[in-house]
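Trainee: Construct the entire structure; sequences and hints are all you get.
Read off the chains here:
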Amino acid sequence: MATEHQSTAVVALEHPDPVIQPGHDNRTVTEQVADIVLVRKPPKQWFVLFGIAFCVMQLMIVSLGSLVIKGIGLWGINQPVGWGFDIINFVWWIGIGHAGTLISAILLLMRQEWRMSIARFAEAMTIFAVMCAGLYPVFHTGRPWLAYWLLPYPNTMAIWPQPRSPLVWDVFAVSTYATVSILFWYVGLIPDLATMRDRARNMVVKKLYAFLSLGWRGSARHWHRYETASLLLAGLSTPLVVSVHSVVSFDFAAGIIPGWHTTVFPPYFVAGAVFAGFAMVLTLAIPVRKWYGLEDFITVRHLENMGKVMLTTGLIVAYGYTMEAFFSWYSGNEYEGFVLHNRLTGPYAPIFYALILCNILAPQVLWKKEWRRSPAVLFIVSQFVSVGMWLERFVIIPMSLHRDFMPSSWGMYYPTVFDWGAFIGTLGFFTFMMFLFIRVLPMMAIFEIRTLIKNPARASMGGH
Amino acid sequence: MSATVVEASVSTPIERANLFGIMAEFDNQEDLLTACRNARDAGYREMDAYTPVPIHGLTEALGWEDNSVQKVVLCGGLIGCLTGFSLMYYITMIAYPMNVGGKPHFSWPAYVPPTFETTVLFAALSAVFGMILLNGFPQPYHPVWNNPRFVLASTDRFFLCIEAADPLFDREATRRFLEAQPAREVVEVEK
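Respectively, the protein sequence lines represent chains A and B. Each residue of the first sequence is one higher than the one before, starting from 1 at the first, in our numbering. Each residue of the second sequence is one higher than the one before, starting from 1 at the first, in our numbering.
Hint data in this document are derived by calculation from the structure and do not stem from the laboratory. The structure displayed is predicted, hence computed values, not measured ones.
Straight-line alpha carbon distances no greater than 20 Å define the calculated SDA-like cross-link-like pairs of lysine to any residue that follow:
| id | chain 1 | residue 1 | chain 2 | residue 2 |
| --- | --- | --- | --- | --- |
| 1 | B | Lys71 | A | Ala234 |
| 2 | A | Lys368 | A | Phe379 |
| 3 | B | Lys71 | A | Val187 |
Over 12 Å on every C-beta distance to chain A, these chain B residues come out as not near it, computed from the model:
| id | residue |
| --- | --- |
| 4 | Asn18 |
| 5 | Ile79 |
| 6 | Ala173 |
| 7 | Glu190 |
Using N, Cα and C, we set each Cβ at its ideal position, and we do this for glycine too.
Mentor: What follows is the structure, given as structure tokens:
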């Protein structure tokens, strides 16, 4: 125990900013986080955004509903661009989800204490983002009620999915990712659900939390198995998250379309996913921390660290773009060369330049410490990155498909109002789910934050 | 514990039957850890500590060890790995053999990503359900909640309960032992 306290103190001394503001103990932490749900009235921003998100979500229901009735001819996809908004949005959403797993699993294995106050929030974001992502391939089939055909099972058609195809790997990867993310999130919630159960005054609410907390009582034996299971889940999720976006990138890299057929895709897709994911965590965390007065737990140090991750992954993504350009020249392949030429001068060139602005130029402001520590600057940069990562998928998917080998088969892709409706609608759905989550569950892992203040005297000493 | 103490107060079987144990409440984890170590040194085994945070070294202090979750996860992972690989083998070799680009039917490198995913899926499910079932969840009732102050175990208080099932348990002696610890309060807990 002594060494552990020493190491905590050393970490706290090395960083001028504490992970949690001094002066908190187990009780104040519990009260502050649990009362957001149980006692405090939500801030007016919550009502406004929840209402807007609810309305915007209807767009998704109408767009996807019409699609089911009329068929996917309502979307702008056709020959030669068979993958449009559906796959762009699928890849974009699943990428956003990766930040949650990175924060909760990889940073847990690396014992990064600052992750604790944003982990729950980011994991919830992962689940809702994966839900949005999953909608697109399912509706892209045109017959979502037959989506189970994607799974291998004995059937009267005597037909099986082809396991040599990355698209089948995708089914395994994404369904495993969704399942494991939900499990990880729920396991992390159990001790906090018990806290909510013990603090709730309303009997119905209390019963609900009691049911969900499974009878957790903080027994030493339970904690021991619990910690083991959490650590193993983190260890399993770490390669899983890398595999998911690698498999997503194989959907393209295994194809022969110029602009897709590149070995750099898996690492650069994973970095891009983390890049977009951290941008989304910042987009949500910066306003929520202000509205709910959580500056003590999500400190400037958290924001700065997320900014650093964004800057780093942004540079990896920039390296990916550079390598793509280099490959197209170095390969000597005229079709690959044309991809670059088409990106720079083709009909969609403005999208490519916007991508460079959003993903490469905008994050460079984070080199400056004062800007990296400013919530306003981080928020604006995050918006650029979110848009930029969406544009990146546009550049990769329709821009590679629309002009491939033979000019006679070239064409243009224009999204329709139903494409936009489904996309904007899922943004509404995502926001709606996030705000619902904040309202009914503790948005921070209370028990993990308690471990940051093992000894109040030492914590405050280290904080100075 | 001296023999005289044990003789002085003998708990009747009826008292034992109604009593779950004796519970001490502590303000901080250092006091709890000290008390756990003392209880173990005194020979108590059937006891448990209840805390709002996971405390490293607490199960050691209580003299309890367990690595069953690891075993369950290992088994789950191996079963998942075998399931995934056999499924891919079955599809490509038995159920639906198809010549794709002249590649052999047994194209095992293509089986690796799905096999990896099923391994992770089965291992993660075993970790979660293994932990839940080994912990005896869901458990709607447990005697510890008969102490009205026990709700604080999920906020900022630390509890140690020596259970009546312990062979050394004695209503008076155990209470006196716990009162000698830096406890804030010692109470009996009914079944």
